[in-house]
Structures are given as structure tokens and as C-alpha cells.
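Student: Sequence:
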Amino acid sequence: MFMALIASTMAAVVLLLWCYWLNANQRCLLWIAASFFIASVATFLLGGRGKMPDWLSIDAGVALLLFGISLTWAAMRVFNGRAVKPWVLLIGPVAWVIACRVPAFYDAAGLRVMIGSLMSAAYFAAAAWEIGSTKDGLRTRFAVAAILLLHAGFVLMRAPLILMDQPSQGVFSGVWFGIATLESAIFIQVIAFLMVSMIKERVESQLRAAALTDPLTGIGNRRAFFEASSAVVAHNARHSRSTATIVLDLDRFKDINDRFGHPVGDAVIQAFAATAKKRLRAADVIGRLGGEEFAVTLSETTSEQASLVAQQLNDAFVAAVKAMAVPGLRCSASAGVSSSPGTTVSLEDLLELADCALYEAKTLGGGKVCSDFSREGLKASAA
1 MFMALIASTM AAVVLLLWCY WLNANQRCLL WIAASFFIAS VATFLLGGRG
51 KMPDWLSIDA GVALLLFGIS LTWAAMRVFN GRAVKPWVLL IGPVAWVIAC
101 RVPAFYDAAG LRVMIGSLMS AAYFAAAAWE IGSTKDGLRT RFAVAAILLL
151 HAGFVLMRAP LILMDQPSQG VFSGVWFGIA TLESAIFIQV IAFLMVSMIK
201 ERVESQLRAA ALTDPLTGIG NRRAFFEASS AVVAHNARHS RSTATIVLDL
251 DRFKDINDRF GHPVGDAVIQ AFAATAKKRL RAADVIGRLG GEEFAVTLSE
301 TTSEQASLVA QQLNDAFVAA VKAMAVPGLR CSASAGVSSS PGTTVSLEDL
351 LELADCALYE AKTLGGGKVC SDFSREGLKA SAA
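Mapped onto UniProt numbering, the consecutive letters of the sequence shown carry residue numbers 1 to 383.
For the record, the hints were derived by calculation from the structure and aren't laboratory data. Among these hints, one or two may not hold up.
[Unchecked claim] Pair ranges (Cβ atoms, derived):
1) L17 x P103: 40 to 46 Å
2) L56 x A11: 21 to 27 Å
3) L17 x R259: 53 to 59 Å
4) R222 x H262: 19 to 25 Å
5) I91 x A274: 41 to 47 Å
6) M52 x I91: 25 to 31 Å
7) G153 x I91: 17 to 23 Å
8) A146 x N23: 22 to 28 Å
[Claimed, not checked] No farther apart than 27 Å at their CA atoms in a straight line, the calculated lysine-lysine pairs in the BS3-like style are these:
9) K368 x K277
10) K322 x K368
11) K362 x K278
12) K322 x K362
13) K277 x K135
In this text, a Cβ means the ideal position worked out from N, Cα and C, and glycines have one as well.
Based on the provided sequences and hints, a complete structural model is requested.
Tutor: Following this line, the structure appears as C-alpha cells:
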């Protein structure tokens, strides 16, 4: 029974190490593999009860098992990008070794089983809390947390059952001990599978985020803007709510690049993006369409309100560029505004009208805001 559990656990260790070799930046795989490996060594020592000295099978065996289980908690911390506190890893094993020095504790097999089970369950519950308390949209997190909690509950429940079922041959030969061993083997395989799945899900999420993020500014790129804005426009149209779109273009940006160099030009673009993120609402959508051109989608906003937002963005941007303290550096943003009064109008229609308004704003000089909103024009376009 012990050897079957060890073989099953070592198979999971090999799988985790193989995945770590393929993804060396995912250190949590190494931690969980170490957890299972140490637990296997502990299982071997526990299985040698009666064939090896008690200090080795009881003292060292359980202490190693608690340390291995604590590494499961550490693996969840590492996955979350948090530091592992060594004292948390050692508190269980050290407490066990100290308790084993007390004759009243050491001579009471039932008490040892109960205390060991309680410590083990505490570590599993802590691991479940660690992985489940972080909200980042990874659905596998909750599966891992649920399995850890279920296992913690089973560890607590199995202790009295094993003791009640204790046969004449010893604790390790009872029916409930066999069931507990089978549950542990299943738990290890399931956790190994879920850890790999959770890492795969996060990598895919990171790749998708990278594909939708402008690397210079950190805001959404053209693709991200169109995806998010199309959803906003469609939602507002279904509920007869207005949607406004602003297209902004940094004035005389080519001259800035030619005169001050591309590093300064990049800093100017970053300054606009940072200013916009500070000024806009959380539900507003902003994206860099390319070069020095940006677009914003505002939900439940009229053309007049959007024009005011565009002017405020320009004023704040002008101040941000001035704060860069580059002698002779000045920059503003021209803006074109369009709005849908709750009619079925596509994002492309709004952008086309905003582009027309932007063209008019550029002809008037830098820092101007023009609106091409026309209720009749939009209705005709929608028709």
C-alpha cells in the first residue's frame, strides 16, 4: 500500500519536473515537485514502522511529511509571486519534533495521529486560502483551492476513523487507512494536473494580454480598442444609450521626433497615454490606433460631454509635456468627436465621423476639438 502511494507520487514528481524543464520560469512547479518528493520519502519512513527505529519512522517521518506538505503552501505563494516565509515551513516540523520529546505525547498513538492530522490539514487549508484568495480571472485557481480544502477536510476526518478502525495488526492495516491512502494518491495526481493546467491558463492569459497591449504606453492597442469598443457600442445600442467616440492626434509630432529625437517623442506619447488613463473613467475604453493617434470610447456620453472630455485631456496633456522640462518642447492634441444617440450605429461609423471632425480640428490649428455629431446624419448612416 505504501509502495503504491510512493510510486504514484513519484510519477507526479516526474511529470512536474518535466513541465518545469519546459517552463523554467514557472518555479512553483519545482516547489510542488519538491513537496511531493519529500512526502514520498516521509511515506517510506512511515511505512517502515516496526522495521526501523521509532525516532526514524515517527519523529523524522512525520516531521518530513509536515515539511513536504508545507511546501505545497509555498508553491501557491510562489505562483502568486509572493515571498515564502521560512518560519512557516518549519513551524510544523519543529513543533512535532519538540512534542515527540514529551513521553505522554510520544506514548499516545491516537494523540499523535490527531495532532499530525491537524497540522497537515492546517497547511492544506492555508494553501487553499493562498491560491483561492487572489482574483485574477484564472478559473483553475478555484478548482485547486477546492481540492486542497476537500483534502484538508478528509485529513481531519480520517484520523478518528482510522483510530476507530484500528485492527490488531496495527493502524496501517485497517480499511480506513486503505481508503485514506487511495484518497491521497488521487489527490496528488489531481493537484499535479491542476497545477499544470493553471500555469497553462495563466500563460495563455498573459499571451492574450500581450497581444492586446501597446508595448510603449501600456494601454490597449488597435485590436484591443476595436474589441472592447465594439462591445460597448453594441451594448449601449441594445439599451438605447448614447456612445461617444473621440479620435485624438498629437500635433506636429513628426517635428518633435525630428527636432528632439525619438526617445523624446516616445516620452511624449507615454505622457499622453498616462494623462488619459488618469483622466478617464474606469469603464471608458482607450487605445493607441498607431503612431501618434489615439481613440477613446465613452459610454452613456453625449457629444457635448465628450467634447468637454477631449478639451480636458488636451489641457492636461499640454501641462504634462511642459512638466517634462525639455527646453522648447511643446505639444498639444487635436480631437474629433462623434456620438450615437442610442441608435444602432457601428463603431466604424462613429470612427469615420470622428475622423472627419479630427480633420477639421487639424485645419484650425493645434489643440482644437471639433464635433461631427449629427443625429440625422447618424440615422441616415445607420439606415
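Student: All hints, please: hold or fail.
Tutor: Hints and how they fare:
1. Between L17 and P103 the beta carbons are some 42 Å apart, a value that agrees with the proposed interval 40 to 46 Å.
2. Between L56 and A11 the C-beta distance comes to about 25 Å, which sits within the given range of 21 to 27 Å.
3. For L17 and R259, the Cβ-Cβ distance of about 56 Å falls inside the hinted range of 53 to 59 Å, so the restraint holds.
4. About 21 Å separates the C-beta atoms of R222 and H262, a value consistent with the hinted range of 19 to 25 Å.
5. The hinted range of 41 to 47 Å is satisfied by I91 and A274, whose Cβ atoms lie roughly 45 Å apart.
6. Between M52 and I91 the beta carbon distance is about 26 Å. The supplied range of 25 to 31 Å therefore holds.
7. Evaluation of the 17 to 23 Å hint for G153 and I91 yields a pass: the beta carbon distance comes to about 22 Å.
8. Between A146 and N23 the C-beta distance comes to about 24 Å, which sits within the given range of 22 to 28 Å.
9. Distance check on the hinted pair: K368 and K277 sit about 20 Å apart at the alpha-carbon level, within 27 Å; holds.
10. Taking the CA atoms of K322 and K368, the gap is near 18 Å; set against the 27 Å cutoff, the hint holds.
11. A threshold of 27 Å between alpha carbons decides the hint, and for K362 with K278 the separation of about 25 Å falls inside it, so the pair holds.
12. With a C-alpha separation of about 21 Å, the suggested pairing of K322 with K362 holds against the 27 Å cut-off.
13. The straight-line distance between the Cα atoms of K277 and K135 is roughly 22 Å, inside the 27 Å bound, and the hint therefore holds.
Taken one by one, the earlier hints all hold for this structure without exception.
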